[in-house]
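Residue numbers (this note's numbering), protein chains in the order written: chain A, 52 to 358; chain B, 52 to 358; chain C, 52 to 358; chain D, 52 to 358; chain E, 52 to 358.
Rather than coming from a laboratory, the hints here were simulated on the basis of the structure.
Just so you know, these numbers come straight off a predicted model, no measurement behind them.
Just to be clear, a hint being listed does not mean it is correct.
One copy or any two copies: either way a pair holds, since identical chains are not told apart in the list.
What the hints assert, rightly or not - Below 35 Å or equal to it, Euclidean Cα-Cα: the simulated DSBU-like pairs (lysine-lysine) are:
(1) LYS208 with LYS308
(2) LYS86 with LYS257
(3) LYS257 with LYS208
(4) LYS257 with LYS227
(5) LYS86 with LYS208
(6) LYS86 with LYS227
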Amino acid sequence: MIVAKSERLLRMIGGLGQALLSLLFWDTVFVVLYKVFHWTWLGSDSLPLGSFGTIIGIIVGFRNGSAYGRWWEARTLWGAIVNRSRTFARQVLTTLSSEQAAGSQEQAEVAAVQRELVLHQVAYVHVLRQQLRGLDPVPEFVRVLPQQDTSELARTKNLALSIETRMSAQLIAAHKRGWLDAWQWQAIDQSLASLMDSQGGLERIKNTPMPQQFDFFPRLFVQIYCLLLPVGMVSSLGWYTPLGSTLVGFMFLALEKIGRDLEDPFENCIHDVPMTAIATTIEINLRQMLGETELPAPAQPVDGILW
Amino acid sequence: MIVAKSERLLRMIGGLGQALLSLLFWDTVFVVLYKVFHWTWLGSDSLPLGSFGTIIGIIVGFRNGSAYGRWWEARTLWGAIVNRSRTFARQVLTTLSSEQAAGSQEQAEVAAVQRELVLHQVAYVHVLRQQLRGLDPVPEFVRVLPQQDTSELARTKNLALSIETRMSAQLIAAHKRGWLDAWQWQAIDQSLASLMDSQGGLERIKNTPMPQQFDFFPRLFVQIYCLLLPVGMVSSLGWYTPLGSTLVGFMFLALEKIGRDLEDPFENCIHDVPMTAIATTIEINLRQMLGETELPAPAQPVDGILW
Amino acid sequence: MIVAKSERLLRMIGGLGQALLSLLFWDTVFVVLYKVFHWTWLGSDSLPLGSFGTIIGIIVGFRNGSAYGRWWEARTLWGAIVNRSRTFARQVLTTLSSEQAAGSQEQAEVAAVQRELVLHQVAYVHVLRQQLRGLDPVPEFVRVLPQQDTSELARTKNLALSIETRMSAQLIAAHKRGWLDAWQWQAIDQSLASLMDSQGGLERIKNTPMPQQFDFFPRLFVQIYCLLLPVGMVSSLGWYTPLGSTLVGFMFLALEKIGRDLEDPFENCIHDVPMTAIATTIEINLRQMLGETELPAPAQPVDGILW
Amino acid sequence: MIVAKSERLLRMIGGLGQALLSLLFWDTVFVVLYKVFHWTWLGSDSLPLGSFGTIIGIIVGFRNGSAYGRWWEARTLWGAIVNRSRTFARQVLTTLSSEQAAGSQEQAEVAAVQRELVLHQVAYVHVLRQQLRGLDPVPEFVRVLPQQDTSELARTKNLALSIETRMSAQLIAAHKRGWLDAWQWQAIDQSLASLMDSQGGLERIKNTPMPQQFDFFPRLFVQIYCLLLPVGMVSSLGWYTPLGSTLVGFMFLALEKIGRDLEDPFENCIHDVPMTAIATTIEINLRQMLGETELPAPAQPVDGILW
Amino acid sequence: MIVAKSERLLRMIGGLGQALLSLLFWDTVFVVLYKVFHWTWLGSDSLPLGSFGTIIGIIVGFRNGSAYGRWWEARTLWGAIVNRSRTFARQVLTTLSSEQAAGSQEQAEVAAVQRELVLHQVAYVHVLRQQLRGLDPVPEFVRVLPQQDTSELARTKNLALSIETRMSAQLIAAHKRGWLDAWQWQAIDQSLASLMDSQGGLERIKNTPMPQQFDFFPRLFVQIYCLLLPVGMVSSLGWYTPLGSTLVGFMFLALEKIGRDLEDPFENCIHDVPMTAIATTIEINLRQMLGETELPAPAQPVDGILW
């Protein structure tokens, strides 16, 4: 996610640089042919550029709205993961308990299980963000839980899912040992189910791109429109044609690009939902609830981009 | 769902091929009549094509938005089925258990029931996708559960519903044998109810097409508009009329087609929600949770289409 | 709901027939006055028909979107009733049970109560659809439950609500006799509450029409626009004016009608949500779950309309 | 809410009467200055009225959509109150019961508490509608529950909230006396929580008007537009200018007014959500469930308005 | 939130003052160059200002809709906090109780814990609003709970989260002492989880601004449009150009500003959601439920602004 306020003009326009240069070149060639070589049949005032513009506006406007909807749904699902991770940790730390006297062996076991469950949740969010970006999730798991055996987990096709299943088994075991009553087990189980729902939603956005029609036709129409712009403008703007038609073309290209950038929010590019920052925030909150004092630093923007 | 990036221009435009050829033919006849036979009364500059275009844009834009909404709702409901299938399997595998000693007869029975329930869920998703596409669902059921007697199930009008009812009866039986306590039974029963809700939503989309007004008038208006286009353009574009009016007509036809393709997402055509791929993903996840190692391969696009 | 594909052009346009004839008559009178009687002051090129068209487009577009939203919400609420009816029947048939030996008196009583509850649910959906359409619901109740005493029910102002209250009392009685434990009672009670929520939503749509402003102004504006159309067109189109302005007027009238038809989905007209078909589907599903083999036939379209 | 179909033209346009007269006066003065006094510099064909119209259309269209959203959300929240009131009464009447023999003292007490709880709910909905309209709620409470001491309640700042708290205390007392088990108490408590959520939503709409920008700029822009209309029209329409520009101005004024009327649905004006009618419907349903036979009459429209 | 009706014209336009003056200056310079210095090449009738306007309208309209959506979601989440705070207090005050005789030591302890929990909730909402505005939350906590030790809490990075965790621990302790049964504990725990969800939603809106593309391009496009306005108008409007183009520019600048103001609803500026007023309302409701009579005064608008 772009957060730097400065330099953003350059960065924003930069993404369109190549297209703009091509457009400027085409416009210039066109006007030279028209004015120097007198190919006046090239210009036509009656091209229905207005109708074109309306249709493009409707389709691109709808596409941009849907793309923003996908991006914001992705962000909202990550927000739900933040909420549920905190609730899960709160529930584990306050409800899991032993009837034994303080200082007993079992009390120490309970504390160890609590710590392990919360750290599994920390690992889960980091693994999930790596999976969504198509990166290797195992190193993140090893960083958070270095003592765990990863040989089995690394073979699974959906590591995040396997972590949740393992946590679910640990909770059942705790319930069987009497550390959780049925009410408390159910409340925590619902938190896990809710985390799984959010994960499923994120995978749905990742695996189902916008229908290709909404991707393909807007771009095609904008390109045709840019090619036709000098035809409609050259007879009245003359030598100013490259300026005018590049300016108009720039607006259409920018409009089309805005939506395309947001369409896929987990592509490991600068327009991503800032999953690393969100996962780090969860890690800080959960480690603080565990009483740790050496916390990781919040994620900072790198070169104006928050990952 | 179309996933192939290459060749897509041809495929996309291909769907419009016949309409475009008819349009080009009409435009050519028109211009020949106008220029060669001098039927100049055919051309009229003052046709309100702009007003037409605005009205068409409004109605088609709304229709496309609703069609996309149907398609995305269908995809979201399938996503909920993915989530709930995983949760169901996790719940069955972690909570269903016997108090008997390991290795006892009852332990083996519990394991068999667990396996059967999870495989029924696998069969359920495949049966549901076949039903929605109007194909025979029984072979899919036989493939997943070859030992089961299907004579009774095959007679039911809604096979997926019968499978869920059978699973519900198995869970009640397990509860009565003491393998599930009331909490756990309720949690699993809610998963089944949630699966039924998703199935009901899919059947609603399948059985209730868009109101025919939204289907009929946009197409009628676009066709009238395409017929009138050369009337308004021929006096200024002359021999270029077929080029210009086919180009404009192409944009309107494409705009109208985008929505129509998405309207009905279970028609066994290339614009379907990729139900086979989703059901296969669920099968892989659930069989892996059962500990199987010979997993089906993920569904691959066939000729650029993911089914 | 209109389902017939053929003849639909006639049917769709037919609804507009009278308006179109009036419009054609007005346009013809207008052009005769202009061309034969030379009342040339009637024509004016500078009428701001474009601004009119934009404003009409905005208000009618919004109205149509809201009307479609009402129609789709009504359909979704009926879909929820389908889901909840199936879940209710599944819960009643699998959880309601007696501890007594098979073949005992109490077992027979349990089976009778199960059957009665499921048939009450069948009657409920038929009664609800009749009530929403403003028809007499009692005959439907008698058809499904012929032995029941209806003298008391027929006096109530909201028969569907009374049926649900009676079912609720039967479930409490079953709970008190020990045929349902507290968990199971709660699960079924939630299904009833959910059915009541859906019924309340349907009654809300029935009792609260669109604000009359959204109904009145679009129609008024479209009528004014149609009257003014020949004024703006006659000087350039001449004798073709009736053709041109009727065509444009047709599009605006159709656009306005599309929304008005969908606005009220329970008016016992051809644009209704197909409640009879939905209720019959529920009846088939529930009777099949009861083990009946003589099932009613699914509702078929009558003259192209599914009721 | 306006329900009368007849006379509505007058009523609808009547609200705009003063504005239209002012506009007509301005247009007439303008054309007199232009035609009689020959202040021809007043007319200018090149005013960008089209751009103005587009911008106004966008902002007013969005404002109207949001205002309709607020109005429909208010109606939906009242619909939820209808559903929850019925469910609350159904739960109180079917679950609250004593183990004592019929005819005993305690049975009579139970019946009295049931009746009191349901009447409190009736009072609650009437009190809530009075509070939302800024009217004194105490008389409604006294009407429904004449024996109750109101001295304490009348001092509270949110009477509806106090009634719910009192009902909550009565339910806890009933639970402590054994008339409700824990399951039943929880189910009723959830109904109360759900009623409180709906009340909170209604208060949110009441206390948070649309951002004033969306209220102020549309009106300002429409007024500027109406003032400029004759400038752009006078040179071509001449003496017909007052007719033409008042007609166009009427459409813009009406478009702006549609949204403003719906914006605040609890202002005790003719565009209110019909809260009195809804509360009376609830009272009829609940009194009928109590077995009363002297029911209040359903609210009737007064002079075409349903309150 | 701006609530003052009077003077609002000045305030609204005031925010645009500097931009309007710059625009007026530019327009004046332009017309002087054109009319006095006869740089007539500056004017061009054929600039596609209409296409520009359409594209700007589409992108700004969508941005404004999304900004309003963020603002209304923020308000709705605060509304949920109001509801849940009241429900939490109602639950704590009615369900938390001791079996001991009235007047006993334990009864006094229960009352003290009830009071402390409700005051913690009061502190929570004030702390949350300070945190969201980026102000120091500790003084608000000290004001509400002066006896509490804040040294530990002040060190935490998310004070509101720590308060909720502390309340959760107090409830578990009360459950262990037998003051709450499992049902009641679960109901209160759900209220806490729901408060955490709302807090998470507010933090999501705070931490995730609109994608910068939607912020940057609309402003850039509006600025370019304002610069180009006199180019397209000067040849026809002549000396009136500054008036006409400033008026049009004002509308576009206002349209762009409306959305930008609402985009970030917690920036401690005059367009904020009125969090101080909402938190004070909660404090009044909750203190009244505790039986206090010296209540804080409701928040009043300061200089027309409700904070």
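Given a CA cutoff of 35 Å, do LYS86 and LYS208 count as a within-copy pair, a between-copy pair, both, or neither?
-> neither (63 Å within a copy, 67 Å between copies)
Within a copy, between copies, both or neither: where do LYS257 and LYS227 come within 35 Å Cα-Cα?
-> Neither: 38 Å inside a chain and 42 Å across chains, both beyond 35 Å.
When no copy is named, should LYS257 and LYS208 be tagged within, between, both, or neither for a Cα gap of at most 35 Å?
-> Classified as both; 16 Å inside a copy, 32 Å across copies.
For the identical chains here, do LYS208 and LYS308 meet the 35 Å Cα criterion within one copy, between copies, both, or neither?
-> within (34 Å within a copy, 38 Å between copies)
Is it within a copy, between copies, both, or neither that the alpha carbon of LYS86 lies no farther than 35 Å from that of LYS227?
-> This pair counts as neither: shortest intra-copy Cα distance 88 Å, inter-copy 91 Å.
For LYS86 vs LYS257, is the C-alpha pair at or below 35 Å within one copy, between two copies, both, or neither?
-> neither (51 Å within a copy, 55 Å between copies)
Checked against the numbered hints above, the structure violates hints 2, 4, 5 and 6; every other hint is satisfied.
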